[in-house]
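Colleague: Here's the letter readout for the chains.
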Amino acid sequence: MSLFERIGGAPAMDAAVNIFYRKVLADERISHFFETVDMERQAAKQKAFLTMVLGGPNHYSGLDMRKAHAGMNLSQVHFDAVLEHLAATLSQLGVVAEDIAQIAAVAESVKADVLNQ
Amino acid sequence: MAQVEFNRQIFELEEGANLLSALEERGLNPHRGCGAGVCQGCLVQVLEGTIPPRAQEGLSSQQTAQGLVMACMCSVAGPLRAQTPSQPSVRYASEVLRQRWLKGDILQLCVSKPFDYQPGQFVRIFATEGAGAELHGVGRCYSLASLPQEAHLEFHIRVLPNGQMSQYLAHIPLGSPLLLQGPMGRCFYQARSLAQPLLLAAIGTGMAPMLGVARAALKAGHTGPIYCVMGAKEETGLYPLPGLHQIAAAPNVRIFYIVQQAGLYSDTYEVGDIYRKIHALLPDMRGQQAYICGAPSFVQKLKKQCFLAGANLTDIFADAFLPS
Chain A
1 MSLFERIGGA PAMDAAVNIF YRKVLADERI SHFFETVDME RQAAKQKAFL TMVLGGPNHY
61 SGLDMRKAHA GMNLSQVHFD AVLEHLAATL SQLGVVAEDI AQIAAVAESV KADVLNQ
Chain B
1 MAQVEFNRQI FELEEGANLL SALEERGLNP HRGCGAGVCQ GCLVQVLEGT IPPRAQEGLS
61 SQQTAQGLVM ACMCSVAGPL RAQTPSQPSV RYASEVLRQR WLKGDILQLC VSKPFDYQPG
121 QFVRIFATEG AGAELHGVGR CYSLASLPQE AHLEFHIRVL PNGQMSQYLA HIPLGSPLLL
181 QGPMGRCFYQ ARSLAQPLLL AAIGTGMAPM LGVARAALKA GHTGPIYCVM GAKEETGLYP
241 LPGLHQIAAA PNVRIFYIVQ QAGLYSDTYE VGDIYRKIHA LLPDMRGQQA YICGAPSFVQ
301 KLKKQCFLAG ANLTDIFADA FLPS
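So the sequences go chain by chain: A and B. Going by this note's numbering, the residue at position 43 of the first sequence is 43; the numbering climbs one at a time, nothing skipped. Going by this note's numbering, the residue at position 190 of the second sequence is 190; the numbering climbs one at a time, nothing skipped.
Derived from the structure by calculation, the hints contain no laboratory data. Please note that the accuracy of each hint is not assured.
[Said to hold, decoys possible] Restraint-style ranges between C-beta atoms, simulated for each label pair:
id: 1; chain 1: A; residue 1: T36; chain 2: B; residue 2: D273; range: 20 to 26 Å
id: 2; chain 1: B; residue 1: T84; chain 2: A; residue 2: R66; range: 28 to 34 Å
id: 3; chain 1: A; residue 1: S109; chain 2: B; residue 2: Q149; range: 53 to 59 Å
id: 4; chain 1: A; residue 1: A105; chain 2: B; residue 2: G310; range: 41 to 47 Å
id: 5; chain 1: B; residue 1: G130; chain 2: A; residue 2: T36; range: 37 to 43 Å
id: 6; chain 1: A; residue 1: S75; chain 2: B; residue 2: H245; range: 55 to 61 Å
id: 7; chain 1: B; residue 1: E25; chain 2: A; residue 2: A26; range: 41 to 47 Å
id: 8; chain 1: B; residue 1: Q149; chain 2: A; residue 2: S31; range: 42 to 48 Å
Given the structure is predicted, the values throughout are model-derived calculations rather than measurements. Each residue gets a CB set at the ideal place from its N, CA and C atoms; glycine is no exception.
Given only the sequences and the hints, what does the whole structure look like? Please build it.
Modeller: Structure, rendered in structure tokens:
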């Protein structure tokens, strides 16, 4: 059983997005990137992202990640901020530290694409 | 085999076939997103037929009410009629029944009712005969101020000096034909429980749909608090909504008027900032619902504020009106 299924599958992603997106928007380091985006569309993307890192069914590709973040001038600080919120969200959802570390590693794997390296 | 009709094209599919794959094979693909029932990139609108629960898992109640399904998760379970969930393209014939000035530049327009709708939704009106060439084929969206059980459709329209459509509607003779498209809009009453606190926030003519939501809530027997916050730049932007006194008389309804700049009648409203007012009124919106109507910048800013105050995304319904 994947972590995605253990957490509760697709329906649980709604709760996860509400927690995660709120943390992201409240963080001054990164909130300005989300000033003008459509909230519904952004939430859908974050749901897909969370599904991907939790090992749920997804069609997330590095190319999408690269295209979506191109030209945003993102740095390590921004990436770390998102990772922090991801870990805090998972912990709020009752995911144990060991699993969170494993998920963080999956998220780290897209870093080069996100930071356009 | 089951007969499937999509955007008026008809074909046969095996029972159990995946709807998205079938649409892709025929070049009718809406959009493939994650392909896993998560991202909602492939939403289609089912007009008739059986919807497997998995195809609507995680959708909001307002999405399911509109028959939206994720095509990637939709296996065909019998005859099905569906379409791309864009703006409805059918135009219905209607007729002008009454015009009356409510206050200042707000026109009350009543027309015959060609379709059913939910209170709070809006309609696109197309000009017909007597319209200048500049209005041919032009549609403008107006919110509905009537109740669904009423026999006609009622609009409250701000008539602008240079507004081609609003001027046209203000001067069109009784009995004239109009074409209508709709109903559209996500701001209709859909509380998860009768006790859930509701925020209805609007600026300008967005107040009319909010009145519709409030009336529908009371009619459904809603017992939770309903906060109506109506905002305007200047006091002339506030106008008396017919039927508002009935809403205001309900014990669980509180109505606030917020105007940015003080005017002649500043004892009848609060002068201030609508965002701050709402924040002071509802600092913690966990478990609450928000309905928001008005200019795009207002809608976007308030949506975010409500979300950050704790309201869930699936509990925030907003319609942005472009200035006409």
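Colleague: Now tell me if each hint is right for this structure.
Modeller: A quick look at each hint next to the structure:
1. Checking the proposed 20 to 26 Å range against T36/A and D273/B shows it holds: the Cβ atoms sit about 21 Å from each other.
2. The hint said 28 to 34 Å for the Cβ distance between T84/B and R66/A, and at roughly 29 Å that hint holds.
3. At about 57 Å, the beta-carbon gap between S109/A and Q149/B stays in the expected band of 53 to 59 Å.
4. The hint said 41 to 47 Å for the Cβ distance between A105/A and G310/B, and at roughly 31 Å that hint is violated.
5. About 41 Å separates the C-beta atoms of G130/B and T36/A, a value consistent with the hinted range of 37 to 43 Å.
6. Separation of S75/A from H245/B is about 57 Å and conforms to the stated range, judged on CB atoms against 55 to 61 Å.
7. Look at E25/B against A26/A: about 45 Å separates their beta carbons, and that is inside 41 to 47 Å.
8. At roughly 45 Å, the beta-carbon separation of Q149/B and S31/A lies within the given 42 to 48 Å, and the hint holds.
Checked against the numbered hints given earlier, the structure breaks only hint 4 and satisfies all the rest.
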